[in-house]
Amino acid sequence: MTADTPQPGSYRLTAVLSGLLVLLLVVGLAFVPVPFVSWSPGRTVNVLGDTDQGRPMIAVSGLSTRSSNAQLRMTTVSVTTADGRLSLVEALASHLLPHRDVLQRDAVYPTGKSAEDVRADEVAMMDTSQRDAVVAALRAAGQPVTEMPMISAVTVSGPAYNVLVPGDLVQKVDGTAVQSVADVQRAIRKRSVGDTISISVLRDGSTVTRNVVAASSRNDPRTPLVGITLSTGYRYAPTVSFGVPGSITGPSAGLVLSLGVYQTISSADLLGDLKVAGTGEISPDGTVGAIGGINEKIAGAQRDGAKIFLVPADNCRDVRSAPGSMTLVKVATLKDAISALQKVRSGADTKEIPHCDPS
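In UniProt numbering, the protein residues as written are 1 to 359.
Among these hints, one or two may not hold up.
Here are the simulated PhoX-like pairs of lysine-lysine, each with C-alpha atoms no more than 20 Å apart in a straight line [what the hints assert, rightly or not]: (1) K307 to K275; (2) K172 to K113; (3) K307 to K351; (4) K275 to K190; (5) K172 to K190; (6) K343 to K275; (7) K351 to K335.
With beta-carbon atoms standing in for the labels, derived distance ranges [as the list claims (entries may be wrong)]: (8) R303 to S157: 39 to 45 Å; (9) E116 to H355: 38 to 44 Å; (10) D314 to L97: 22 to 28 Å; (11) D269 to V213: 53 to 59 Å; (12) L97 to S61: 44 to 50 Å; (13) N219 to Q53: 48 to 54 Å; (14) D174 to R303: 56 to 62 Å; (15) S192 to D50: 22 to 28 Å; (16) R43 to V145: 20 to 26 Å; (17) G62 to S192: 40 to 46 Å; (18) D314 to K190: 40 to 46 Å; (19) S325 to S67: 24 to 30 Å.
Worth flagging that the hints you see were computed from the coordinates, not collected in a lab.
Note that the coordinates shown come from a computational prediction; the quantities given were computed from them, not determined experimentally.
Every residue, glycine too, gets a C-beta built ideally from N, C-alpha and C.
Can you build the whole structure from these sequences, using the hints too?
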């Protein structure tokens, strides 16, 4: 053997080193963040039960209320957080495991938006959902609800900043009663830049009157403005509060929260001892809107013992399978949900109840 002939041991060493290098490369790539998020079944919460602190999840004052033996569960999705990152291994596992989905990150979290902004948006959506749930439930129960113009935002550094606040219900402008957003806008436009405008609002149950000096619009210096954004608000006598855990945000609990309020204030026991879960946005008029993660929510509800699941009508096409022990009820409105649950309790033929047919 000459000096130029490689020794057998050197071949083995090269092979071992090459294998280790490939292994390290594969392991490294496996944990590289990828632009996806994972959805999996999250927790469910019985809105007819108590919070972790022992307080009712739904508390109503100003009306007669009832306790309930039923379960009415809001459902959630466990999702990669806005400031979290999914690795390649985690993405592949979520793709292969049952009851999980992998989605493009920018389809869930808008590009350029901070985790704090995403969280703030989701909290705001839950707040709106709770307010709309109360209005829809009161209307369904025959309780009076009055629409009023509401201040939904106040421009920072604008004339009304620290004078009027979001949530104020506008009653009068310059002493004249207003009934709608358009009424308020017309009353302000009648004034001139520099005028002092008197605005009376309902705040925390009391009427307060504040003066705002009209500024000029950037688009038209002759147009007066006070720096408020208006939307339709609602006035009603009862006080309703929720104990939803702070970790649960977004709009998709609206339907279940509204049903929970209805069950609590209704003269008739809607649910008895049923075990119901569901999801769906709610509008003040009771319209139920589609949501994301329907299959993960159904799986979470089945895991926690629900026998009936309320599915927004527009989500039926997204349902992949129906657990054998669970009935998937199709609902387009709060009234649909109430009617379906009444039929279930009465023992009606299941053919009379609208169902989702999984694709």
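Comparing the hints with the structure gives:
no.: 1; hint: K307 to K275; in the structure: 6 Å, holds
no.: 2; hint: K172 to K113; in the structure: 38 Å, violated
no.: 3; hint: K307 to K351; in the structure: 17 Å, holds
no.: 4; hint: K275 to K190; in the structure: 56 Å, violated
no.: 5; hint: K172 to K190; in the structure: 14 Å, holds
no.: 6; hint: K343 to K275; in the structure: 14 Å, holds
no.: 7; hint: K351 to K335; in the structure: 18 Å, holds
no.: 8; hint: R303 to S157: 39 to 45 Å; in the structure: 50 Å, violated
no.: 9; hint: E116 to H355: 38 to 44 Å; in the structure: 42 Å, holds
no.: 10; hint: D314 to L97: 22 to 28 Å; in the structure: 27 Å, holds
no.: 11; hint: D269 to V213: 53 to 59 Å; in the structure: 55 Å, holds
no.: 12; hint: L97 to S61: 44 to 50 Å; in the structure: 45 Å, holds
no.: 13; hint: N219 to Q53: 48 to 54 Å; in the structure: 50 Å, holds
no.: 14; hint: D174 to R303: 56 to 62 Å; in the structure: 58 Å, holds
no.: 15; hint: S192 to D50: 22 to 28 Å; in the structure: 56 Å, violated
no.: 16; hint: R43 to V145: 20 to 26 Å; in the structure: 32 Å, violated
no.: 17; hint: G62 to S192: 40 to 46 Å; in the structure: 43 Å, holds
no.: 18; hint: D314 to K190: 40 to 46 Å; in the structure: 43 Å, holds
no.: 19; hint: S325 to S67: 24 to 30 Å; in the structure: 27 Å, holds
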